[in-house]
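Student: Which chain is which? The protein sequence lines are A and B, in order. Residues in the first sequence are numbered consecutively from 50, following our numbering. Residues in the second sequence are numbered consecutively from -7, following our numbering.
Hint data in this document are derived by calculation from the structure and do not stem from the laboratory. Since we're looking at a predicted model, the values are computed, not measured. There may be inaccurate statements among the hints.
Derived CB-CB ranges, DEER-like [as the list claims (entries may be wrong)]:
#1 B:K132 / A:R93: 38 to 46 Å
#2 A:A624 / B:A164: 37 to 45 Å
#3 A:E130 / B:P125: 33 to 41 Å
#4 B:K111 / A:E130: 24 to 32 Å
#5 A:A624 / B:K183: 51 to 59 Å
#6 B:K132 / A:A624: 45 to 53 Å
#7 A:A624 / B:T20: 28 to 36 Å
#8 B:A164 / A:P187: 37 to 45 Å
#9 A:I191 / B:E211: 20 to 28 Å
Quick reminder that beta carbons are idealized off the backbone N, C-alpha and C, glycines included.
Spelled out, the chains give:
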Amino acid sequence: MGADSEEKRVGVFICHCGLNIAAVVDVKKVAEWVRKLPHVVFVRENIYTCSETGQAQIYQDIKEHKLNRVVVASCSPRMHEPTFQKVLEKAGLNPFLFEMANIREQCSWVHERDKESATLKAFDLIRASVSKVVRDEPVEKIRQEVKKEALVIGGGVAGMNAALLLANAGIKTHLVEKDPSIGGHMAMLDKTFPTLDCSICILGPKMVEVGKHPNINLITYAEVIDVEGEVGNFRVKVRKKPRYVDVDKCVACGDCAEKCPVKLPDEFNRGMTIRKAIYIQLPQAVPAAYLIEEEHCLRLKTLKKGGKEVCGLCLKACERDAINFDDKEEIIELNVGAVIIATGFEIYDPSQEPKYGYRRFPNVVTQLDFERILNADGPTKGELRRPSDNKPIKSIAFIQCVGSRNEREKGAGRYCSRVCCMITAKQAFMIKEHEPDVEVYVYYIDMRTAGKGFEEFYQRGRKEGITFLRGKPGKIEEDPETHNLILVAEDMDTGVLLENEVDMVVLATGLRPPQGLVELAQKFHLSRSEDGFLMEAHPKLRPAETPIDGVYLAGCVQFPKDIPDSVAQAGNAAANALGLLSKDYIEMTPLHPVIDLEKCIGCSLCEINCPYKAIRVVKTEKGKKAEVIEIACKGCGVCGASCPEGAIEMKYYSDKGIEAMIDALLEKKEVEV
Amino acid sequence: MANESWKPSIIGFMCNWCSYAGADLAGTSRIQYSPEIRIIRVLCSGRVDPKWIIKAFLKGADGVIVLGCHFGDCHYITGNYQAEKKIKATQEILEMAGLEKERLYLDWVSAAEGMRFAKLVDQFTDKIRKLGPLKLDDEKRKKLTAALLTVSNDKVRWVVGREFSIIKDGNAFGEKLAPYEFHEQVKSIIKDNLKKSLIMAVLKSGPKTVREIASELRESESEILKQLVDLMRLDKVEMGEVKDRNPLFALKGE
């Protein structure tokens, strides 16, 4: 028996909610009017409908009066809709043959002084609900099998931690990293604040653990190129670039690089040292293997142009036969139930603001550059020497908020990047530790040191003799002979204009969304916040989830944060992913669209506008037609509201249902108060 | 002009996640506001079909208010941007048809803005009170019928539905258009369509000559003829018998 042919028997339950409703709305009168509405076969007033007895009453009345539709007029559906839907389910009715009329939050509580209008309004709202409920149709649950594997994108400290948590819980986890080695920005840091742990010493063992974990499939030098599917069943294509070195054979002895004639700036040391075309990203790289950079290798370049097999010095130098010039790009197809995005950040490029002279003046560096200068593996082997002439540094200035808290500069962020103040405090402290006599100046707007042990650390730095000046230099000038830098700034505390000549300047550069994040976000249909980072599902309660089910965020890809916060968010993301992956199936009742294939012309407007990739146009025997991926649909209804052909009808929030409500609300009333 | 006992009929479309929750918050905070509004809950402001709005006016609504999430807050990522395009276009259609576009209002209310919700509803109710009842006479009914035909038209729905994505991501050739530039195109398509819809609305009462249509719509005869030729090409209108040496035009199939 179809839903249309069956007799509609609507039961209406009107709640007094103690006096919350009854003190304003004349419930008795409303009940009388409601009794006369078409299809209404039963009306009950309750003092508290949501109470145990109230719920039991509904159950009994459904059975006793053979109700097949239910309207509850009480509080907001945002409050008790699930409560009553469960009662319907228990009584054997589909939970979507149900409507709520909000006569408390949106009636009695807001029209306390106009009882007559409130009573009429309550009736209108119930009448509209009755009108809709007789047009409601059952919505069936659908099941999606959960693929019990996970993908983590980004192998920095956040991604590594997320991957380890998942892998330790027994989940097969794929970790995709764009660089040849995992480690991310943290591997480039010398020390971490405020404890001054050696960064690579705490990160290195984690990197090794990730590399060796039986449940982790590490895919480095790779990027995600395509994403299909939805929660529980993502199908992801990953492009793995050729390394031309067999990772399993290479023992990272470095004989090849010694022979390689091509010299290039070493990115890991921020261009302050030289590497070869065959190189290892960092000494502690995982996988611990060299690779050949295609675009710079003489042999690969000539081969590409159709030339001969030239050079080959590395080939001769490698005793283990690890070099393979026939290596090819690989497309790896993954099928996972959950995805964690941890692609981190990039450093703001201060050369966008010529006033700082970055890249023009060799002794102006960023915090990350300076991190390498401080590091024992860095260009100066950890000695405080400046880039222009390798002379020991006697005085140094830090400039805060470069590229952060800046509304004027294109590419800069309006937001505070959170970590730069503490990085400066740390680096200034490290300088004092290396050479106590070095003069250290910090030009700042505000020092922001919120965090466990942060303020204490900052105060310690002040006691060490670091000079903090409130005021940002408008410009940096270089003495062309000495390469010293001259800063002029107003000290906001005293109003005095200060001129200062220093050996070196460190710019406290902000954190920016990484390159390619826009494209990645589009692949997963994720939205970005105004600042360009990925947006979380809820800023307070769901900080590691995204509006897309099954896709989670960890680390700076959501917003700049320090290492402990990144690790904490990675834990949250992993826990959420585990919750999902612990299920064999997920059940949902998507209020999805239904396509009228006779009307659909396959124009693909719905596909273009769907924020969830839940609708797509496919070729069928009758031409191009839209197809709904129910499991991915969130029910927003944008497709339905814009379909040029009127071929889309939504479940529950249907055109006929809503239009029936409009009619009922505007109908002339035949009641008298 | 409005009599004492007249109370405006106002339909409000609220999205489940922001404005409806904001309305609930007004309730829990006991913020009092004008009782005329009747709220219909939808999941997203982007779900609100312009057809519903025009139909509400045709059924006797004096005002329609749509409230969604603030930009960037939409639960469905971009639904409110879609809503903005649709409601704006609907307002323009009302205006082009010679109706008061102020009777349709769109704004944003977050789940935390109970006070703002109440204020917006009060302001809108006041505005409608000042405008007075819509008074559905034949003239207005005809205009609204034309507006309904326009918001139901596939071409209009396509361009309005496509506006947001084209401005954001560019067209099929990767060209990005300035928002105002594209919107001018949207408007011209709407305008052209509304003219046709008005002619169709006029012809609903029976076959008419070009002159009769032109005088009823206060348009030039040449413009009407141009549109009629288009409508015949679209198979919506046909030329029928001749009256006083002037051909009569009629809706096809009626």
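Student: Against each hint, give a clear statement of whether it holds in the structure.
Tutor: Evaluation of the provided hints:
1. B:K132 / A:R93: 38 to 46 Å: holds (43 Å)
2. A:A624 / B:A164: 37 to 45 Å: holds (43 Å)
3. A:E130 / B:P125: 33 to 41 Å: At 35 Å between Cβs, range holds.
4. B:K111 / A:E130: 24 to 32 Å: holds (27 Å)
5. A:A624 / B:K183: 51 to 59 Å: holds (55 Å)
6. B:K132 / A:A624: 45 to 53 Å: Given a distance of about 59 Å, which is not inside 45 to 53 Å, the answer is violated.
7. A:A624 / B:T20: 28 to 36 Å: holds (32 Å)
8. B:A164 / A:P187: 37 to 45 Å: holds (40 Å)
9. A:I191 / B:E211: 20 to 28 Å: Once the Cβ atoms are compared, 53 Å apart, the range 20 to 28 Å for E211 (chain B) and I191 (chain A) is violated.
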